[in-house]
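Engineer: Spelled out, the chains give:
Number of protein chains: 2
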Amino acid sequence: MQFSERIQSMQASPIRKLVPYAEEAKKNGKKVYHLNIGQPDIETPKEFFNAVKDFDDKVLAYAFSQGIPELRDSFKKYYRNYNINFESDEILITNGGSEAILFTLLAICDYEDEVMIPEPFYTNYNGFGSSAGVKVVPITTKAEDGFKLPDKDTINKKITNRTKAIMLSNPGNPTGAVYSKEEIDTIKQIALENDLYIIADEVYREFVYDGLDYISFGQIEEIKDRVIITDSISKRYSACGARIGCIASKNKDLISQILKLCQSRLCVATLEQVGASKLVDVSQDYMKEAFNEYKKRRDVVYNALQEMDGVMCKKPKGAFYMIAKLPVDNAEDFVKWLLTDYDLNGETVMFAPAEGFYATKGLGRDEVRISYVLKEEDLIKAMNILKEALKVYGK
Amino acid sequence: MQFSERIQSMQASPIRKLVPYAEEAKKNGKKVYHLNIGQPDIETPKEFFNAVKDFDDKVLAYAFSQGIPELRDSFKKYYRNYNINFESDEILITNGGSEAILFTLLAICDYEDEVMIPEPFYTNYNGFGSSAGVKVVPITTKAEDGFKLPDKDTINKKITNRTKAIMLSNPGNPTGAVYSKEEIDTIKQIALENDLYIIADEVYREFVYDGLDYISFGQIEEIKDRVIITDSISKRYSACGARIGCIASKNKDLISQILKLCQSRLCVATLEQVGASKLVDVSQDYMKEAFNEYKKRRDVVYNALQEMDGVMCKKPKGAFYMIAKLPVDNAEDFVKWLLTDYDLNGETVMFAPAEGFYATKGLGRDEVRISYVLKEEDLIKAMNILKEALKVYGK
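First to last, the sequence lines map onto chains F and Y.
Per our numbering, the very first residue in the first sequence carries number 1; after that it's consecutive.
Per our numbering, the very first residue in the second sequence carries number 1001; after that it's consecutive.
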């Protein structure tokens, strides 16, 4: 039996494909520090679980396709805190940020249309592109420049008559980059001059360090009809398993088009919507504590990497990821080796090989993405394992 | 700003697009009996809610992309009760039956490939087809024949070199048809002779009336590598809002391909998986009671329809839907009129116009789909409203 070309051409997730090696390592008694996946260890707010536990309908019925009113309202209220003005009917609830991106691509692109994305990018963008039959056109950015965007002319050269949008995550996964006012302006100009949408994946909005100003694409009046925010509660409230995200856009016609896709899959899980709608009430203390925790972790990992011979990493400004260049030929082989052949006192560490985050062949082969989602003492141990492992790898 | 052609060509859900009229009617104080949507009123088993309430992890983390082991195991155990043998690793958990179908289409079809589907069919198949860029090729069946499949030659004429599969729901939504051994054999032969997949949407497996034998495509050894079961807990356990479904196939290579799609959207909601994994323990009494209730409802609605002048409806054999031909030119106008202009003692009824369940233009214009998901006394009232309304409509 044959499979489709599109599915055969999809890569296995670079974040998850080495998991079997990790499972095997654990079976053999090794402890594995998971810095490969963006699964935070911060507690999910009680408000979520309490709301779920208080649910007492007798029938677990379909919710509205666009999301329950309480949850759409809570996103609206949340956005107001960031000076982003969306009305509830400009927000559609989705199965995580994942579905938000897939639906957005389906709504604005036909088969073989193109979307430009700065690389390295969140690897699952490839999967959504393949699913939607949309060509991902990478705009290369580099670790040694802190993943700064290239200038307007360089980006313009990538535009064809099939280009429909520029998509980017800000703060960036896997780069930790936060775009400056100048970079945001460049994107804005390009979108205006070439009639493109901007798909802004802003799920790490909370995590911007060092007092930097954060600019959301949702704040820019001039481009409000061409900005589509894709969002998720997963990271900011440590609720990845809830699969609650949204699409927000001032372009109401677009929202009404995407609603058809929402209707075709009926609704997002009802209980999770009920829980998520209470998250807007989470205290500022909770948010601040999580923020401080991640900042501390970033510093621990970043400082440790600076001490390692041959490792290159610019200080990331946001999210909870960084890309490090390692003194190895092939980071995937190295990560596998860490799981299968190496341990330091019975412990090892797992990263995501970065090659899968690039669309351009050959880039990122010597890089890994590090998710700093564990507590400080574990990160210190994990970094020490990396340091010692690099000393013996390949010898 | 432009939208994609595919999204513009998607129809609004015929089940949901008239909802605003129903909302308006309710605002004006009218009671509306909802026979338009397959939202059962049967209580969701306590086992589900109890498991959710007992969940006490502090972090609501991502689940495995393929689904949590307990839930995959519970589907395996469930299938054994129907003499369908799937191993846990032949089952992938999905966001309802909806995602199961979308992922299946993506995995076996490329852009402009074709899938044959007996019409009238579950209207959202159109949406999944549009999303995947797959052409839906209808095989017309007729109300007056009880929606029996045409013979092999008629179906064979629809096959082109782009045909990848035949997809059908059995028991059928919206038809209530249950395929006979002869019809199943026809599909089997066609699949074997033309190297096609069979996508079997069997979410109404429990609801087969009148002592009929039910044959699942998962029971047929000869075609086990080409059968893909798409399934859902929504209907059998009255848990539509859980959005828990699955893909099951003995074709392990196919499962490993589809896993890539599962990975790209990370996972299905964790809590809902935890709840759903306990549903296999639901008592036979619960299942039997629900079955008897639906059978009684079918009879109430079917018998009432037989008494109405100009109404045509063959007795449906399964699921909880039936299609009725009404003595009106345009059933959508009639349904709208029921909501906006008609009431019987302050009450009215809502159906789904059937035209949207056909792919062939013009078919089903005088038909509605009736979901018999309300309790007997409400169905009696709703049928009485229909009877009286038909007497005055168009006069």
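Quick caveat, the hints were computed from the structure, so don't treat them as lab data.
Don't take every hint at face value.
Stated by the list, open to error - Think about it this way: if two alpha-carbon atoms lie no more than 25 angstroms apart in a straight line, the pair counts; the simulated BS3-like pairs of lysine-lysine are:
hint	chain 1	residue 1	chain 2	residue 2
1	Y	K1026	F	K58
2	F	K381	Y	K1142
3	Y	K1142	Y	K1314
4	F	K278	Y	K1031
5	Y	K1046	F	K53
6	F	K76	F	K188
7	Y	K1252	F	K252
8	Y	K1315	Y	K1148
9	Y	K1058	F	K295
10	F	K17	Y	K1250
11	Y	K1295	F	K58
12	Y	K1046	F	K250
13	Y	K1077	Y	K1058
As the list claims (entries may be wrong) - Partial pick of chain Y residues on the chain F-facing surface, computed with a CB cut under 7 angstroms:
hint	residue
14	E1005
15	S1009
16	R1016
17	P1020
18	Y1062
19	P1069
20	L1106
21	D1110
22	S1131
23	P1150
24	T1154
25	D1225
26	R1226
27	A1269
28	E1272
Said to hold, decoys possible - Covered by chain F, according to a simulated footprint, are these stretches of chain Y (three or more residues, beta-carbon under 8 angstroms):
hint	region
29	1025-1033
30	1042-1053
31	1120-1128
32	1183-1194
33	1372-1380
All of these numbers come straight from a predicted model, not from anything done at the bench.
By construction, the Cβ of each residue, glycine as well, lies at the ideal position given by its N, Cα and C atoms.
Engineer: Each hint needs a verdict: does it hold in this structure or not?
Structural biologist: The hints, checked one at a time:
1. K1026/Y with K58/F: holds, 22 angstroms
2. K381/F with K1142/Y: violated, 69 angstroms
3. K1142/Y with K1314/Y: Distance ~10 angstroms between K1142/Y and K1314/Y Cα, so the pair holds.
4. K278/F with K1031/Y: Roughly 31 angstroms between the alpha carbons, so the hint for K278/F and K1031/Y is violated.
5. K1046/Y with K53/F: The hint holds at about 13 angstroms.
6. K76/F with K188/F: Holds, because 23 angstroms separates the two Cα atoms, which is no more than 25 angstroms.
7. K1252/Y with K252/F: violated, 43 angstroms
8. K1315/Y with K1148/Y: Given pair K1315/Y, K1148/Y holds - Cα atoms ~12 angstroms apart, limit 25 angstroms.
9. K1058/Y with K295/F: holds, 22 angstroms
10. K17/F with K1250/Y: Holds. K17/F to K1250/Y sits at ~22 angstroms (cutoff 25 angstroms).
11. K1295/Y with K58/F: holds, 22 angstroms
12. K1046/Y with K250/F: Violated, at roughly 42 angstroms.
13. K1077/Y with K1058/Y: violated, 29 angstroms
14. E1005: holds, 5 angstroms
15. S1009: violated, 10 angstroms
16. R1016: holds, 5 angstroms
17. P1020: Where the cut-off is 7 angstroms and the nearest Cβ of chain F is about 12 angstroms from P1020/Y, the hint is violated.
18. Y1062: holds, 5 angstroms
19. P1069: violated, 12 angstroms
20. L1106: holds, 6 angstroms
21. D1110: holds, 5 angstroms
22. S1131: Holds: closest Cβ of chain F sits about 6 angstroms from S1131/Y, inside 7 angstroms.
23. P1150: violated, 25 angstroms
24. T1154: Hint violated; T1154/Y Cβ to chain F Cβ min 25 angstroms, cut 7 angstroms.
25. D1225: Result: holds, 6 angstroms to nearest chain F Cβ.
26. R1226: Nearest chain F Cβ about 6 angstroms off; hint holds.
27. A1269: Holds, because the Cβ-Cβ distance from A1269/Y to chain F comes to roughly 4 angstroms (cut-off 7 angstroms).
28. E1272: This interface hint holds because 5 angstroms falls under the 7 angstroms limit.
29. 1025-1033: Violated - the region 1025-1033 of chain Y has 0 residues with a Cβ nearer than 8 angstroms to chain F, which falls short of three.
30. 1042-1053: holds (count 7)
31. 1120-1128: holds (count 4)
32. 1183-1194: violated (count 0)
33. 1372-1380: Violated, because only 0 residues of the region 1372-1380 of chain Y bring their Cβ atoms closer than 8 angstroms to Cβ atoms of chain F.
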